[in-house]
Amino acid sequence: RKEVEQDPGPFNVPEGATVAFNCTYSNSASQSFFWYRQDCRKEPKLLMSVYSSGNEDGRFTAQLNRASQYISLLIRDSKLSDSATYLCVVSGYNQGGKLIFGQGTELSVKP
Amino acid sequence: ETGVTQSPTHLIKTRGQQVTLRCSSQSGHNTVSWYQQALGQGPQFIFQYYREEENGRGNFPPRFSGLQFPNYSSELNVNALELDDSALYLCASSPRGGGDYGYTFGSGTRLTVV
Chain H
90 RKEVEQDPGP
100 FNVPEGATVA
110 FNCTYSNSAS
120 QSFFWYRQDC
130 RKEPKLLMSV
140 YSSGNEDGRF
150 TAQLNRASQY
160 ISLLIRDSKL
170 SDSATYLCVV
180 SGYNQGGKLI
190 FGQGTELSVK
200 P
Chain S
449 ETGVTQSPTH
459 LIKTRGQQVT
469 LRCSSQSGHN
479 TVSWYQQALG
489 QGPQFIFQYY
499 REEENGRGNF
509 PPRFSGLQFP
519 NYSSELNVNA
529 LELDDSALYL
539 CASSPRGGGD
549 YGYTFGSGTR
559 LTVV
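If you read the protein sequences in the order shown, they are chains H and S.
Counted the way my numbering counts, the first sequence spans residues 90 to 200.
Counted the way my numbering counts, the second sequence spans residues 449 to 562.
These aren't lab readings, by the way, just hints derived from the structure by calculation.
Be a bit skeptical, because a hint or two may be false.
Claimed, not checked - Quick list of in silico lysine-lysine cross-link-like pairs, DSBU-like style, CA-CA up to 30 Å:
no.: 1; chain 1: S; residue 1: 461; chain 2: H; residue 2: 134
no.: 2; chain 1: H; residue 1: 134; chain 2: H; residue 2: 168
no.: 3; chain 1: H; residue 1: 131; chain 2: H; residue 2: 91
no.: 4; chain 1: H; residue 1: 168; chain 2: H; residue 2: 131
no.: 5; chain 1: H; residue 1: 168; chain 2: S; residue 2: 461
To be verified - Okay, the calculated bits of chain H under chain S, using three or more residues with CB under 8 Å as the criterion:
no.: 6; segment: 126-134
no.: 7; segment: 149-155
Given the structure is predicted, the values throughout are model-derived calculations rather than measurements.
For each residue, glycine too, the CB sits at the ideal point set by N, CA and C.
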């Protein structure tokens, strides 16, 4: 079993759609959670950190459920520029501080 | 403030050769990690350096080795290259010893082994 598992892609949605990505992680001692965005084989860039209380950044909302070991990302009113691969990432001091990435989910927003 | 820079950007090597990839960490960052990203996969952790010491290693063979220098820049060395080593190699730096402070990634070195 992979340490971080994400929904398989690709997701093809029209502009303006709402899309949700899900992710599960296996290590209950994980402490930090992130969503990264990666464009066309460029470097991953931090989209947002994820907290148990949930957090929102404009059109993006992230949720963490520690009991279920589940992380989600919701994108509202999708834009063409949202097309990218979204990577679910976990980390923790008992994991040596390393980032553990999911496989990534590709999103393609069409006009 | 400069970000994380990696060199070279692209590289083609022959199977069995050795390669050295370089990374300059972001100003103020003392932790550097290296990741390998194969096509269609998420990045996989290779190892991490904190204040010139390796303090974490992923599931990679010993022919993957590294160094961190006093200025916190780092090198990744791969000996006896194999075809499966073809990937994007990413360097990431962090302001502390890893954890939840977020990492800044360089743009990567794309290595092709033929």
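Stated coverage of the segment 126-134 of chain H by chain S [criterion: 3+ residues, CB within 8 Å]: holds (count 5)
Pairwise hint evaluation, residue 91 of chain H against residue 131 of chain H, where the allowed Cα distance is 30 Å at most: Judged against 30 Å, a Cα distance of about 23 Å means the pair holds.
Restraint check for residue 461 of chain S with residue 134 of chain H, where alpha carbons must lie at most 30 Å apart: With Cα atoms ~28 Å apart, residue 461 of chain S and residue 134 of chain H stay inside 30 Å; holds.
Satisfaction of hint between residue 131 of chain H and residue 168 of chain H, Cα-Cα up to 30 Å: Within the cut-off at roughly 19 Å; holds.
Given hint residue 168 of chain H paired with residue 134 of chain H - CA-CA distance at most 30 Å: Judged against 30 Å, a Cα distance of about 18 Å means the pair holds.
Annotated coverage of the segment 149-155 of chain H by chain S, confirmed only when three residues or more have a Cβ within 8 Å: With 0 residues in contact (Cβ-Cβ under 8 Å with chain S), the coverage given for the segment 149-155 of chain H is violated.
Pair hint outcome, residue 168 of chain H versus residue 461 of chain S [Cα-Cα no greater than 30 Å]: violated (40 Å)
Checked against the numbered hints above, the structure violates hints 5, 7; every other hint is satisfied.
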